[in-house]
Amino acid sequence: MATITYRDALNQALREELQHDDRVFLMGEEVAEYDGAYKVSRGLLKEFGPKRIVDTPIAELGFAGIGVGAAMVGLRPVIEMMTWNFALLAIDQIVNAAAKMRYMSGGQFGVPIVFRGPGGAALQLAAQHSQAFESWYAHIPGLKVVTPATPADAKGLLKSAIRDDDPVVFLEGEMLYNNKGEVPDGEHLVPIGSAEIKRPGTDVTLICHSKTVAVCLKAADQLAELGVQAEVVDLRTIRPLDTGTILGSVTRTNRCVVVEEGWPFAGVGAQIVDLIQRDAFDALDAPIIRVTGADVPMPYNRQLEKSSKPDAGKVVDAAKQVLYMVGS
Amino acid sequence: MATSTKPERTTGGADAAELHLRYLRQMLLMRVFEEKAGEAYSLGKIGGFCHLYIGQEAVAVGSIAALRPDDYITTAYRDHGQALARGMTARAVMAELFGKATGCSKGKGGSMHLFDAGLGFLGGHGIVGSHIPIAAGAAFAIKYRGGDQVSVCYFGEAAANIGAFHETLNMASLWDLPAVFICENNGYGMGTAVARASAVKNLSVRGNAYDMPAETVDGQDVLVVREAMDRAVARARTESKPTLLEIRTYRFVGHSMSDAAHGTYRSKDEVEEYRRRDPIKVLAEQMRAAGSLDDARWSALEAEVKAEVDDAYTFAEESPDPDPSELFTDVYAPEQGR
Amino acid sequence: MATKIVMEALSPTMEEGRVIEWKKQEGDAVAIGDVLAEVETDKAVMELVARSAGTLLKHLVAAGATVPVSAPMGWIGQAGESVDGGSPPAKASTVNGERSTGTAAPPEAKPAPASAPSAPSQPSSRPAVQPPAPPPAEPAGRVKASPLARKIAGERGLDLGAVAGSGPEGRIVKRDLDQVRGERSEVRGAAPLTSHVSPLTAFTDTPLTQIRKTIAKRLAQSIGPIPTFYLTSQVDMERVAEARESLNTAAGDRGKVSFNDIILKAVATALQQHPECNAWWQDDHIRYWHTVDIGMAVAIEDGLITPVIRGAQAKSLREIATESRDLATRARERKLKPEEYTGSTFSVSNLGMFDIEHFTAIINPPEAGILAVGSIAQVPAVVNGQIQVRRQMRMTMSCDHRVIDGATGAKFMQTLSLLLENPLALVW
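Chains as they are written, first to last, in the working numbering: chain R, 1 to 328; chain H, 1001 to 1338; chain S, 2001 to 2428.
Since the hints were made in silico from the structure, they are not lab data. Given the structure is predicted, the values throughout are model-derived calculations rather than measurements. Cβ coordinates follow ideal geometry from the N, Cα and C atoms, glycine included. What you were told as hints is all true, and nothing was included just to trick you.
Derived DSS-like pairs: lysine-lysine, alpha-carbon spacing no greater than 25 angstroms straight-line:
#1 H:Lys1268 - H:Lys1036
#2 S:Lys2335 - S:Lys2217
#3 S:Lys2335 - S:Lys2213
#4 H:Lys1143 - R:Lys51
#5 S:Lys2144 - S:Lys2217
#6 R:Lys46 - H:Lys1143
#7 R:Lys51 - H:Lys1241
#8 R:Lys218 - R:Lys306
#9 H:Lys1268 - H:Lys1201
According to the in silico footprint, chain R covers these stretches of chain S (three or more CB under 8 angstroms from chain R):
#10 2148-2157
#11 2169-2178
Next comes chain R alone, as it looks inside the complex (with noise of 0.2 angstroms):
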């Protein structure tokens, strides 16, 4: 086991994937002599050459689309998108191409792609550099949709998706970089497709992926404190939902709410408030709350923008009126 940061566990799973199989390349804005914007691809470029670790213009819908060809004809591209907001602009090769081409093709074609790079929001960067979009590539069927939230989820599963055969949207993030977990040594994958009890507990299921998770962790130590065992569900991938172990829990605890940092309309939350009210009517002793980002665009000024995130605060009284808590 050795403590790693966030950042350093992705360089891990690239590096160890690249050395793993020659199909694997990294490419996107400053992966190679930059060292990668967030310093994700740092001393790739060094170990693996420019052939493998590829510099591009600014043209994201160019290199994603030259990704999916690549992919097609059998190479594995990773393809760096320096944030997830600049992803619009390639959306059309991942929604219309990545995410399509084997179903169009009656099976023919498989794009064994990673898409990855940072999402959500970071400090004060205002409206166009802080969303959450994993509740849109969520609803693309063709496409598998993954969120760590620790340093070792994020090389596990950045392992994993390199080795997944479908496109793959990798969701990181800018505020997790720096932060620090133990990863365990050898080889570490993490399946997709499969959500972890971040924290045990009997009384209420509080359901978060990516930034959230920390959130409901600390949300969980002030329940604690009232006498209330949060079970903490870091769901990991989005698409496909692990509904085992949601639904499990739910059983359990018969309360639950749901963390996310996107927007509440059709976010991430709502597919799985209707996964549990139609699967686990019974085990409800409370409606679901939902705690969600602000339904605004992000703003700039940084007490607006932290009163728009969701925090532990907001997660307690959440958990309280699924308990029918009253007062403090």
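Dock chains H and S against chain R, hints included.
Using the frame of chain R, we list chains H and S on its own:
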């Protein structure tokens, strides 16, 4: 640098005659097939969109003739011609148009999404210009692996205005990718004449923007097309550099089955004018002049092609629809479930 | 793991119960279904049964205490298990509700609305939790319960209608059926009321019993908002008196019929003919009942209860007589079940035995009418132009004008008078 091509024909020789006959047969097959497809569409056997290649046959035949079996081809949605020229059977294509399980894409792609992995045919794409970077991706993979194959990309002149075209040509030139970008300039992007859509009328000029060699080619003469393609393919194979070929051609029918051949954005006279340069007629006349085609041969060819297309039609009609369970297959890779 | 004993809502209107006596003591073995305690509700004395098995570890309240519904009363678990660790103390009211003379404060009143929680600051969040609402007055109304609570109730055979919900808008949730472990009690008692003592006048303060509280609350609800009018008729009861005497002579030991039984039968028959008077006001609609379930007011030691004779229109006089006697007896013994004293469609109150000539009764909402019956007395009356002494009775109907109009009520009274003055018409 853009140059106009001077037609240089190989004259005489049994090999040439055989080659020309092959070209003629292929173009005739495409013509009869497309006409039959148009008929099938009117009868409701083909649904959705159906974009016919009638009038542009020489472009596909001449260019694909210059390729090897291990090269890659990517095209847009007007893909029946390239598919047949590449060697996909009339049966497989017609069945796909009819949406049957025996179609090349198992009935799940349709007219715009013809694919054949064995023939290196990477589709068949519906979003204008979206496939251009994909073709460059195949070229990237060729170079990555150190091979000498070529990746060919067909698109219309209207697609030369979209972002994907520019981003791709820039990177293809920047990275020296072994690609040939063929712009089939048929004068109209759906209903819009090229002069109204493009700041430059001579599209090969766009090669300059990306430091990419470019040529303007007469697309109604299959032998001219072949020669231009040979040059571009050689450049890709031996130097690993891309070429932009602007091939001037004309479609005798509307943009798609919902579009009239003339009367809206094209006059009847204009269409008639171009019909005089029907690529099949152009080659046939050349062959007659060279003595490699006579009436008997022509009739035999016509009959043969007609029989092949009729057979494909019947095959498509009689083929079964996909099993309902196919709705859920091929969304994800099989061995990984879901 | 130990489970809590909680005060259950043993009647639909119960909000708190007074522990009369613990039947299981600390250290006793307990099986599911064993009687743990006798509890006085707003209507009757009920038994609180055990919902889990084990050893009764602890009494959290003593005999005599008044406990709000859902508040914890004790623990059942493994012998030697320690309880009360970790969970904050329940804020149930545990003050003794004993009677006393001289200065004394009444026991803690029923739970006041709890303080509102801080609402989550999300625009899409739900409103703050509502305080526990009084449960619906009529059992026929829809009961709100969480899916889990319904499932548990179904599994355990519990009647949700008899449970008070502590969730928003009276929603019954799991803890109302079986307290969730580790959770705190949500119901807080209000501060005790202080009484004002005048040093000059002697007095006796008596704490309110459950029944007193309920009567006060429910009938105050009635007289305020209901637009009531009154119809009085004087009825000649000679023939009824004769009929009763001869019936009782013939019946002998097999059971007597009282005046009230005959009146009840007549009322039931009259309501059959005037169904517009056999109705409930339901705020946005009126419910007209197809059967006549008559609530007959019975005076009990410290108040009033109204057991119900169901389907009285179809019952014979003898059946009504038998039933009314049985209900009245059990009412006085406080042994009625909730379903036996709720859900009447029309009520009759008879103070004739106290020589009251005439009075007006207060409507039991949501019923639309009530009949007040006075004493049967010998009075001078004019019959065929001659003065005679006749036994007559005055009866007064209180009508909810939202449901019953003057003429409608009058026609009912007319029919009722006719039936009583011609008792054979009861078997018509």
